[in-house]
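Colleague: One letter stands for each residue in the lines below.
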Amino acid sequence: MARMLMKGNYASVYGAAMAGCTAYYGYPITPASEIAESAAALFPKLGRTFVQAESEVAAINMVYGAAGSGQRVMTGSSGPGISLKMEGISYCAGAALPCVIVDIMRGGPGLGNIGPEQSDYNQVVKGGGHGNYRCIVLAPASCQEMCDFTFQAFELADKYRIPVFVLTDGVIGQMMESVVIPEPVKELPDKSDYAVFGTPLNKNLVNSIYIDHDDLENWNLELLKKYKAIEKAEVKFEEYMMDDAEIALIGYGSVSRVLRTVVDDCRAKGLKVGLFRPITLFPFPKNEIAALPGRGIKNVLTVELSTGQLVDDVDLALSGVIKSDLYFRLGGNVPSADEISNKISELYGEVK
Amino acid sequence: MKKTILKKPKGFIDVYKHKAGAEKDRTHYCPGCGHGILHKLIAEAMEDLDIVDDTILISPVGCSVFAYYYFDTGNFQAAHGRAPAVATATSRANPDKVVISYQGDGDLAAIGGNNIIQAANRGENIVVFFVNNAIYGMTGGQMAPTTLEGQVTTTTPYGRNTDTDGYPMKMCEVISQFTAPTYVERVSLHDAPHIRKTRAAVRKALQNAKERKGFQFVEVLSTCPSGWKMDPVKSMEWVKEKMLPLYPLGVYRDKGDEARVINRPVPIMEPATVWEKLGISADADVDFPRGDVPEQYKKMSIRVAGFGGQGIMVTGQALASVALEYGYNVSWLPSYGPEMRGGTANCSVNIQDGVIGAAEAVKPTMLLAMNRPSLEKFEESVVPGGTLIYNSTLIDIEPTRTDIKVFAIPITGMADELGNTRVQSLVNIGAYAAITGAFRVEDIVSLLPKLFKGKKQAIIDLNAKAVKAGFDFVKENF
Numbered sequence: 052m053a054r055m056l057m058k059g060n061y062a063s064v065y066g067a068a069m070a071g072c073t074a075y076y077g078y079p080i081t082p083a084s085e086i087a088e089s090a091a092a093l094f095p096k097l098g099r100t101f102v103q104a105e106s107e108v109a110a111i112n113m114v115y116g117a118a119g120s121g122q123r124v125m126t127g128s129s130g131p132g133i134s135l136k137m138e139g140i141s142y143c144a145g146a147a148l149p150c151v152i153v154d155i156m157r158g159g160p161g162l163g164n165i166g167p168e169q170s171d172y173n174q175v176v177k178g179g180g181h182g183n184y185r186c187i188v189l190a191p192a193s194c195q196e197m198c199d200f201t202f203q204a205f206e207l208a209d210k211y212r213i214p215v216f217v218l219t220d221g222v223i224g225q226m227m228e229s230v231v232i233p234e235p236v237k238e239l240p241d242k243s244d245y246a247v248f249g250t251p252l253n254k255n256l257v258n259s260i261y262i263d264h265d266d267l268e269n270w271n272l273e274l275l276k277k278y279k280a281i282e283k284a285e286v287k288f289e290e291y292m293m294d295d296a297e298i299a300l301i302g303y304g305s306v307s308r309v310l311r312t313v314v315d316d317c318r319a320k321g322l323k324v325g326l327f328r329p330i331t332l333f334p335f336p337k338n339e340i341a342a343l344p345g346r347g348i349k350n351v352l353t354v355e356l357s358t359g360q361l362v363d364d365v366d367l368a369l370s371g372v373i374k375s376d377l378y379f380r381l382g383g384n385v386p387s388a389d390e391i392s393n394k395i396s397e398l399y400g401e402v403k
Numbered sequence: 085m086k087k088t089i090l091k092k093p094k095g096f097i098d099v100y101k102h103k104a105g106a107e108k109d110r111t112h113y114c115p116g117c118g119h120g121i122l123h124k125l126i127a128e129a130m131e132d133l134d135i136v137d138d139t140i141l142i143s144p145v146g147c148s149v150f151a152y153y154y155f156d157t158g159n160f161q162a163a164h165g166r167a168p169a170v171a172t173a174t175s176r177a178n179p180d181k182v183v184i185s186y187q188g189d190g191d192l193a194a195i196g197g198n199n200i201i202q203a204a205n206r207g208e209n210i211v212v213f214f215v216n217n218a219i220y221g222m223t224g225g226q227m228a229p230t231t232l233e234g235q236v237t238t239t240t241p242y243g244r245n246t247d248t249d250g251y252p253m254k255m256c257e258v259i260s261q262f263t264a265p266t267y268v269e270r271v272s273l274h275d276a277p278h279i280r281k282t283r284a285a286v287r288k289a290l291q292n293a294k295e296r297k298g299f300q301f302v303e304v305l306s307t308c309p310s311g312w313k314m315d316p317v318k319s320m321e322w323v324k325e326k327m328l329p330l331y332p333l334g335v336y337r338d339k340g341d342e343a344r345v346i347n348r349p350v351p352i353m354e355p356a357t358v359w360e361k362l363g364i365s366a367d368a369d370v371d372f373p374r375g376d377v378p379e380q381y382k383k384m385s386i387r388v389a390g391f392g393g394q395g396i397m398v399t400g401q402a403l404a405s406v407a408l409e410y411g412y413n414v415s416w417l418p419s420y421g422p423e424m425r426g427g428t429a430n431c432s433v434n435i436q437d438g439v440i441g442a443a444e445a446v447k448p449t450m451l452l453a454m455n456r457p458s459l460e461k462f463e464e465s466v467v468p469g470g471t472l473i474y475n476s477t478l479i480d481i482e483p484t485r486t487d488i489k490v491f492a493i494p495i496t497g498m499a500d501e502l503g504n505t506r507v508q509s510l511v512n513i514g515a516y517a518a519i520t521g522a523f524r525v526e527d528i529v530s531l532l533p534k535l536f537k538g539k540k541q542a543i544i545d546l547n548a549k550a551v552k553a554g555f556d557f558v559k560e561n562f
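So the sequences go chain by chain: A and B.
With my numbering applied, the first sequence corresponds to residues 52 to 403, in that order.
With my numbering applied, the second sequence corresponds to residues 85 to 562, in that order.
Rather than coming from a laboratory, the hints here were simulated on the basis of the structure.
Incorrect hints may have been included.
Subject to a maximum C-alpha distance of 30 Å in a straight line, what follows is the list of computed DSSO-like cross-link-like pairs (lysine-lysine) [unchecked claim]:
hint, chain 1, residue 1, chain 2, residue 2
1, A, LYS277, B, LYS101
2, B, LYS294, A, LYS96
3, A, LYS254, B, LYS361
4, B, LYS294, A, LYS320
5, A, LYS323, B, LYS383
6, A, LYS320, B, LYS383
7, A, LYS287, A, LYS394
8, B, LYS361, A, LYS210
Which residues of chain B face chain A? A few of them, derived with a C-beta cut under 8 Å, are [to be verified]:
hint, residue
9, TYR100
10, THR139
11, GLN161
12, ARG176
13, ALA276
14, PRO277
15, HIS278
16, LEU330
17, VAL335
18, PRO349
19, TYR410
20, ASP437
21, GLY438
22, GLU444
Idealized CB from N, CA, C, for every residue including glycine.
Using the sequences and the hints, build the whole thing.
Modeller: Right, dumping it as structure tokens:
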């Protein structure tokens with residue numbers, strides 16, 4: 052049966068396997084360890100490579116090597132591990148290598164804890180490592196999406212030769228849901244124009260050094276062009292009860308699920324509340340958020356498991372045209388639907 | 085009569101097209117630097133061994149960062165110290181290729197110390213050429229892990245002090261401690277006889293690599309006239325006088341004919357085979373027909389709570405698994421994080437048609453309390469009109485709520501009577517089926533082999549009994 056009950060962390064590896072990912076390099080960290088564990092279980096059955104790297108740093112550099120060798124390759128981690136990987140991700144971006152990185156966010160800063168948070172938003176969505184670069188960031192909110200988005204991440208990575216993040220929190224990584232496994236990919240893209248195979252016809256170079264200042268400036272402009280193209284073509288978001296809404300709730304990942312419940316509760320009370328859920332965090336659905344006031348939205352409440360990282364992008368998009376508020380919980384706490392509903396009453400009691 | 089032929093080996097690119105600037109016919113290395121000599125020995129060996137077209141070179145960070153300018157191979161440039169990690173993945177992706185990790189002393193022994201140790205210990209199919217010139221050349225002459233005691237560098241202006249800077253690191257001695265490496269040798273470039281020995285070591289390592297015989301490590305003592313602030317001739321003498329006594333030349337490991345050929349699997353990509361290997365069937369999912377479920381049990385948000393070891397997680401997962409077979413959308417969320425170490429465990433299960441919102445059962449329609457702390461903690465959270473099942477074997481207090489349906493079931497006692505406390509989870513499932521009408525006993529029993537894959541038939545049979553016991557108890561008592 053293609054339908055299976057599994058954790059989000061497992062689902063992402065099934066998605067990867069179906070997308071033709073042939074190598075997994077990773078290091079254990081809670082709450083992302085099941086990603087490495089499921090790759091260790093599944094990949095050998097398919098003759099594919101699993102290596103438990105000696106460190107997060109080694110893992111991402113192995114990803115660099117595999118991506119440069121033309122493989123579909125993946126790693127997974129959480130907060131502290133992602134911080135460690137940043138230099139390597141910058142190298143992947145600088146060498147225009149496609150790869151997929153799953154980040155199951157946990158509480159920070161420092162060792163923090165292993166509860167769910169969304170505090171990697173800035174480091175993942177804004178680049179994070181050194182240099183001018185962006186990664187595509189997909190934010191799944193269910194186990195099915197963990198599978199599907201990881202699959203899509205490989206397609207996007209190859210389409211743009213870019214690192215792609217699957218960014219979610221411990222709730223989605225640790226929860227189990229029914230997942231329908233997609234059909235395995237039939238054909239993989241030809242990468243002989245850049246990948247290194249070590250053959251007579253292929254003497255490619257995988258590299259991010261441009262010693263000449265003009266060369267490096269031009270390369271940065273090339274990358275910028277790519278990011279602009281991505282912003283134009285790849286924005287994804289989801290709306291729920293937004294058509295007649297006056298209050299828009301904005302949140303991603305596990306928070307967006309709670310917000311859906313909040314919308315149902317508010318609607319039952321006659322409040323015109325809707326949900327706007329960014330699915331891609333880069334590219335961010337800024338035009339769509341900028342358009343909300345024109346659609347009759349009077350207030351926007353961003354809810355996140357961080358002290359105001361997502362809301363910065365929301366505010367940039369809204370440019371102060373309407374009131375924008377923030378509600379957050381931290382440290383592994385997830386807000387309940389009631390708690391958010393109360394906040395809505397407190398903030399917008401006047402809205403009917 | 086002897087004839088001398090001077091030519092550029094085929095291992096080098098004819099015109100250094102990747103090199104910045106106008107001088108595309110010469111290297112960027114300083115006069116008297118050992119890199120040029122080693123490059124040439126490698127390029128010649130690649131030509132003679134006929135592996136130029138089958139080699140991938142990883143350039144490090146350091147003076148040899150631009151090694152890719154020169155070698156007519158597939159090329160990577162790696163982050164500082166990470167060449168062995170990049171080489172690991174490149175070699176795994178291209179198992180029949182010769183993969184060279186070319187590294188200096190700061191790159192290999194300092195920032196990349198763990199990476200070289202771990203790649204060596206894994207016995208990766210790679211060749212490492214380790215250039216030890218006792219200094220950081222590229223960044224302008226700072227201390228390296230291999231800098232000699234008393235040696236003046238820009239970061240040891242008063243000489244390397246072993247009390248504060250530690251001792252020179254002897255990497256051949258370190259690498260040869262591991263079981264996996266095939267061949268480990270230290271050679272030197274300070275005079276012609278030793279260059280000949282280096283030539284032989286380079287060839288041996290590359291020959292082994294061509295035969296895929298695991299991890300090859302050649303440490304090359306080399307000169308850095310610019311960093312050492314000496315002329316090239318003096319530099320050669322310095323290697324001989326200062327470095328050789330500290331870094332003894334010779335073979336540290338040679339497995340010879342014992343060396344194993346490392347083979348890697350071929351990835352399976354054919355779609356039907358991929359599914360078959362993972363046990364995924366292409367057949368459509370067939371749901372059990374649903375029974376007559378009262379309205380209040382059609383959209384369930386369930387909290388299962390108790391001590392760790394009471395089968396709390398299993399109960400939740402089994403509820404979700406069975407409901408899934410009736411075509412419901414389901415979710416299961418464990419309490420994880422600080423709580424899971426505290427002796428109490430709980431999980432949330434949602435069973436409904438349509439999209440499931442919040443995964444945590446903050447206001448459950450049903451609480452299944454397996455111990456007293458769970459009842460005390462979660463009783464208030466149950467929605468009015470909801471359902472409480474509690475384990476009357478272990479809970480010696482009465483629930484206080486009067487606006488919910490209460491089922492007192494001696495869950496632990498019934499499991500013990502069946503001979504195994506661990507079947508409590510299945511008693512729970514049976515009770516749930518009887519209360520809600522959502523599952524049929526025979527359906528649950530038919531799923532047990534799948535739910536408890538790999539368990540003995542006796543365990544499956546006991547679980548079936550437990551389901552029935554839970555179901556019957558509810559039917560007989562409520």
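Colleague: Now tell me, hint by hint, if it's right for this structure.
Modeller: Now for the hints, and whether the structure bears them out:
1. For the hint linking LYS277 of chain A to LYS101 of chain B, the alpha-carbon distance of about 26 Å falls within 30 Å, and the restraint holds.
2. Among the hinted pairs, LYS294 of chain B with LYS96 of chain A is consistent with the structure: their alpha-carbon atoms are about 28 Å apart, no more than 30 Å.
3. Distance hint between LYS254 of chain A and LYS361 of chain B is unfulfilled; the C-alpha atoms sit about 35 Å from each other, more than 30 Å.
4. For the hint pairing LYS294 of chain B with LYS320 of chain A, the CA-to-CA distance comes to about 74 Å; that exceeds 30 Å, so the pair is violated.
5. Proposed proximity of LYS323 of chain A and LYS383 of chain B is supported: the alpha carbons are some 24 Å apart, at most 30 Å.
6. Pair hint LYS320 of chain A plus LYS383 of chain B holds up; C-alpha atoms about 20 Å apart against a cutoff of 30 Å.
7. About 27 Å separates the Cα atoms of LYS287 of chain A and LYS394 of chain A, which keeps this hinted pair within 30 Å; it holds.
8. With a C-alpha separation of about 28 Å, the suggested pair LYS361 of chain B and LYS210 of chain A falls inside the 30 Å cut-off, and the hint holds.
9. About 12 Å separates the beta-carbon of TYR100 of chain B from the nearest beta-carbon of chain A, more than 8 Å, and the hint is not met.
10. For THR139 of chain B, the shortest C-beta to C-beta distance to chain A is roughly 6 Å, which falls under 8 Å, so the interface hint holds.
11. Here the hint on GLN161 of chain B is kept, as its CB sits about 4 Å from the closest CB of chain A, short of 8 Å.
12. A cut of 8 Å between beta carbons decides the hint on ARG176 of chain B: the least distance to chain A is about 5 Å, and the hint holds.
13. A distance limit of 8 Å between C-beta atoms decides the matter here; for ALA276 of chain B the minimum to chain A is near 32 Å, and the interface restraint is violated.
14. Hint status for PRO277 of chain B relative to chain A: violated, with the closest Cβ pair at about 33 Å, above 8 Å.
15. Below 8 Å, beta-carbon pairs count as interface contacts, and HIS278 of chain B has none with chain A, the closest being about 31 Å; its hint is therefore violated.
16. Annotation: LEU330 of chain B was flagged as interfacial toward chain A, and the flag is violated, the nearest CB pair being 28 Å apart, outside 8 Å.
17. Interface hint at VAL335 of chain B: violated, since its Cβ lies 27 Å from the closest Cβ of chain A, which is beyond the 8 Å cut-off.
18. Satisfaction of the interface hint for PRO349 of chain B is found here, the shortest Cβ-Cβ separation to chain A being roughly 4 Å, below the 8 Å cut-off.
19. Taking 8 Å as the C-beta contact cut-off toward chain A, the hint placing TYR410 of chain B at the interface is violated, the least distance being around 12 Å.
20. At a threshold of 8 Å, the smallest CB-CB gap from ASP437 of chain B to chain A is about 12 Å, leaving the interface hint violated.
21. Taken as an interface hint, GLY438 of chain B does not check out: its beta carbon lies about 10 Å from the nearest beta carbon of chain A, beyond 8 Å.
22. Given hint, GLU444 of chain B at the interface with chain A, holds; its Cβ is 6 Å from that chain's nearest Cβ, closer than 8 Å.
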